[in-house]
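**Student:** Going line by line, the protein sequences match chains E and B.
Converting from the first sequence to this note's numbering requires adding 4 to each position, the first position being numbered 1.
Converting from the second sequence to this note's numbering requires adding 4 to each position, the first position being numbered 1.
Bear in mind the hints are in silico, worked out from the structure with no lab data behind them.
Errors might be hidden in some of the hints.
Same chains, same label: a pair holds when it works inside one copy or across any pair of copies.
Taking lysine to aspartate or glutamate pairs in the EDC-like style, the calculated list, with each CA pair at most 20 Å apart, reads [what the hints assert, rightly or not]:
(1) K49 / D243
(2) K196 / E221
(3) K16 / E246
(4) K105 / D130
(5) K286 / D243
(6) K186 / D176
(7) K102 / D83
(8) K314 / D150
(9) K205 / D220
(10) K196 / D123
(11) K314 / E246
(12) K105 / D123
(13) K279 / E200
(14) K286 / D70
(15) K102 / D57
(16) K286 / D269
(17) K236 / D190
(18) K313 / E247
(19) K186 / D130
(20) K186 / D150
(21) K279 / D79
(22) K286 / D57
(23) K273 / E101
(24) K196 / E247
(25) K279 / D99
(26) K50 / D30
(27) K196 / E259
(28) K314 / E221
(29) K313 / D150
Note that the structure is predicted; figures quoted are calculated from it, not measured.
Each chain is listed here by its residues.
2 protein chains.
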Amino acid sequence: MSTFTQVIAALKQAKRILIGSHYNPDGDALGSAAALGIALERQGKKVTFFNRDPVPFNLTFLPHADRFVRTLPKDASFDTVVIVDCNAAKRVGGDFEKAIKGTRVICIDHHQLEKTEGDLTILEPDAAATGVLIMRFLEEAKIPLDRILATCLFCAITVDTGSFRYSNATPDVFLLGAKLVKAGADPYEISKALEENYPAKRYRLLAKSLATLQVDEQLGIASIDVTQQMFKETGTGPDLTEEFSSFPRSIRGVEVALFFRELPDGRLKVSMRSKGHVDVAKIAAGFGGGGHVHAAGCTFEGDAAIARKKLYAALAAAIGKKGT
Amino acid sequence: MSTFTQVIAALKQAKRILIGSHYNPDGDALGSAAALGIALERQGKKVTFFNRDPVPFNLTFLPHADRFVRTLPKDASFDTVVIVDCNAAKRVGGDFEKAIKGTRVICIDHHQLEKTEGDLTILEPDAAATGVLIMRFLEEAKIPLDRILATCLFCAITVDTGSFRYSNATPDVFLLGAKLVKAGADPYEISKALEENYPAKRYRLLAKSLATLQVDEQLGIASIDVTQQMFKETGTGPDLTEEFSSFPRSIRGVEVALFFRELPDGRLKVSMRSKGHVDVAKIAAGFGGGGHVHAAGCTFEGDAAIARKKLYAALAAAIGKKGT
């Protein structure tokens with residue numbers, strides 16, 4: 005692992021920098037990438053911001069959101085590449101892997117990794133967000149915060165701490181929040197952009213999905229479904245189902261929340277959220293999926309009804325109780 | 005207005021203290037009352053915690069939540085009364101008004117008031133929560149924070165700042181958050197208790213209510229309804245509709261969110277939420293209701309359909325646009 009001093013020195017030498025973050029980007033990925041890139045531009049660097057996927061509708065408020073490109077010209081050339089909020093070019097995806105061949109790679113991430121592809125890597129799994137690491141970078145590089153940088157970083161940190169609600173919301177994270185708000189980040193404007201920016205049809209879909217609510221009180225499992233028929237009836241797609249699992253999760257006594265989504269080919273996909281007592285990553289792995297202790301998912305092959313039964317059996321075994 | 009020093013001196017003399025907060029209590033009312041009372045008990049005072057209404061299901065996690073009484077014995081006698089998070093005995097309600105006759109009254113509140121009933125009053129409308137004022141009281145009284153006090157106060161502050169998301173989430177509020185978490189408040193446990201503690205039937209009701217979603221894009225108004233029929237079908241009541249207005253409010257382009265609730269006698273009640281450009285308190289006042297710029301409500305007499313039309317006309321006039 006590398007130090008901030010090493011990374012600062014490497015970036016000082018850089019001239020043409022490519023910054024990439026993981027596909028299906030969230031507020032930490034894009035907020036961190038934007039903050040770092042904007043700061044480096046102020047140091048006179050030429051910066052290209054890359055993400056394979058479009059900026060999600062609730063992140064278009066980010067300063068410089070329109071700077072993210074989804075493809076790279078064939079003859080694009082960079083002397084330094086920074087990967088933020090993940091550790092591998094394949095997690096960035098798209099043109100990125102090809103474009104960075106032979107280039108010095110720096111990784112800045114807070115995910116637990118098996119290995120890193122960085123020539124230099126700052127990796128702190130205990131950091132609440134990659135934004136926390138970018139903030140430390142700015143501090144050590146003596147790049148002052150302003151409203152633009154603070155907005156990007158507040159977005160990164162608030163998204164990854166669930167608005168200062170998760171167990172990673174430590175005293176230090178609150179102190180960073182204080183600094184960012186003081187530097188001009190506006191919690192109300194940012195949270196409105198992040199959370200009060202949905203198209204109306206999301207709620208028409210949610211109404212249908214919530215009507216499928218199933219609760220197994222014995223096991224402490226609640227589930228909701230979304231079907232292709234519902235997408236059709238409401239003119240929506242899977243991009244609007246983000247956070248749907250938070251509804252079954254909010255039910256008293258629920259330890260594991262399930263969000264089932266029917267795929268266009270009829271297969272069943274599940275997103276699982278655990279409040280901590282059940283390791284849903286382990287359950288998902290048993291069905292060829294993956295994730296974290298608190299959030300994981302998998303796609304079932306074959307009959308959906310059988311898949312559901314198998315999943316409940318696996319969860320019951322993990323919980324150590326027999327379901328209703 | 006009084007100083008903390010005056011209030012601390014008055015409470016130092018007190019022996020039998022009654023603490024009351026407003027009916028329909030929220031996390032700031034009960035969290036502030038609990039923190040103050042527990043702290044005073046540590047100073048050897050005899051404290052009675054009063055609230056006219058039951059502790060809401062999502063606040064039963066508060067330390068000493070079971071200490072709140074809803075009635076007072078006729079012969080109850082106190083030498084000092086503290087009213088927190090409101091300024092008038094009638095806002096506390098129940099037996100309180102009678103019980104405090106002839107007793108010295110201290111008010112600690114952050115609401116904008118016309119007048120106060122306190123012999124001593126700490127009133128800071130700029131404070132994000134009454135919990136902020138209780139925290140300052142503890143500091144000036146040199147009563148150290150511990151996990152129990154910090155939990156009560158974190159609850160008070162997080163509820164009134166919308167989890168550090170509202171415009172009152174200033175740098176100072178984040179610094180208080182840091183102190184409270186350091187003293188043992190657990191943001192994850194507290195937010196789970198506050199927000200992930202609903203009975204399943206709340207979501208069955210929400211499904212039905214969201215299915216009534218109406219959006220007027222021209223005016224930037226979205227509304228949902230709850231009817232008596234829905235309550236009946238789901239075995240729910242109005243206590244489970246708290247926060248329902250947040251769903252229409254979360255729609256892109258919506259400036260005013262409306263939550264219509266049918267009363268048992270057939271009349272229509274509306275809760276309005278504004279993102280700031282429309283003063284919904286003014287609109288509500290026009291129909292005999294009241295509230296704040298951002299949140300207000302009223303109950304309509306007579307035909308519900310006509311009432312709706314009148315309300316939309318009043319909103320259209322305030323917004324300065326013609327609706328669809």
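**Student:** Hint by hint, note whether the structure agrees.
**Tutor:** Now the hints, each set against the structure:
| no. | hint | result |
| --- | --- | --- |
| 1 | K49 / D243 | neither (34 Å within a copy, 56 Å between copies) |
| 2 | K196 / E221 | between (34 Å within a copy, 18 Å between copies) |
| 3 | K16 / E246 | neither (39 Å within a copy, 53 Å between copies) |
| 4 | K105 / D130 | neither (30 Å within a copy, 55 Å between copies) |
| 5 | K286 / D243 | neither (25 Å within a copy, 38 Å between copies) |
| 6 | K186 / D176 | both (15 Å within a copy, 9 Å between copies) |
| 7 | K102 / D83 | within (14 Å within a copy, 78 Å between copies) |
| 8 | K314 / D150 | neither (52 Å within a copy, 46 Å between copies) |
| 9 | K205 / D220 | between (29 Å within a copy, 13 Å between copies) |
| 10 | K196 / D123 | neither (39 Å within a copy, 41 Å between copies) |
| 11 | K314 / E246 | neither (25 Å within a copy, 37 Å between copies) |
| 12 | K105 / D123 | within (12 Å within a copy, 75 Å between copies) |
| 13 | K279 / E200 | between (25 Å within a copy, 10 Å between copies) |
| 14 | K286 / D70 | neither (38 Å within a copy, 39 Å between copies) |
| 15 | K102 / D57 | within (17 Å within a copy, 65 Å between copies) |
| 16 | K286 / D269 | neither (26 Å within a copy, 53 Å between copies) |
| 17 | K236 / D190 | neither (37 Å within a copy, 42 Å between copies) |
| 18 | K313 / E247 | neither (24 Å within a copy, 34 Å between copies) |
| 19 | K186 / D130 | between (25 Å within a copy, 17 Å between copies) |
| 20 | K186 / D150 | within (9 Å within a copy, 27 Å between copies) |
| 21 | K279 / D79 | neither (48 Å within a copy, 47 Å between copies) |
| 22 | K286 / D57 | neither (28 Å within a copy, 44 Å between copies) |
| 23 | K273 / E101 | neither (28 Å within a copy, 58 Å between copies) |
| 24 | K196 / E247 | both (16 Å within a copy, 16 Å between copies) |
| 25 | K279 / D99 | neither (37 Å within a copy, 41 Å between copies) |
| 26 | K50 / D30 | neither (24 Å within a copy, 52 Å between copies) |
| 27 | K196 / E259 | between (29 Å within a copy, 11 Å between copies) |
| 28 | K314 / E221 | within (18 Å within a copy, 45 Å between copies) |
| 29 | K313 / D150 | neither (53 Å within a copy, 46 Å between copies) |
When held up to the earlier numbered hints, the structure conflicts with 1, 3, 4, 5, 8, 10, 11, 14, 16, 17, 18, 21, 22, 23, 25, 26 and 29 and fits the remainder.
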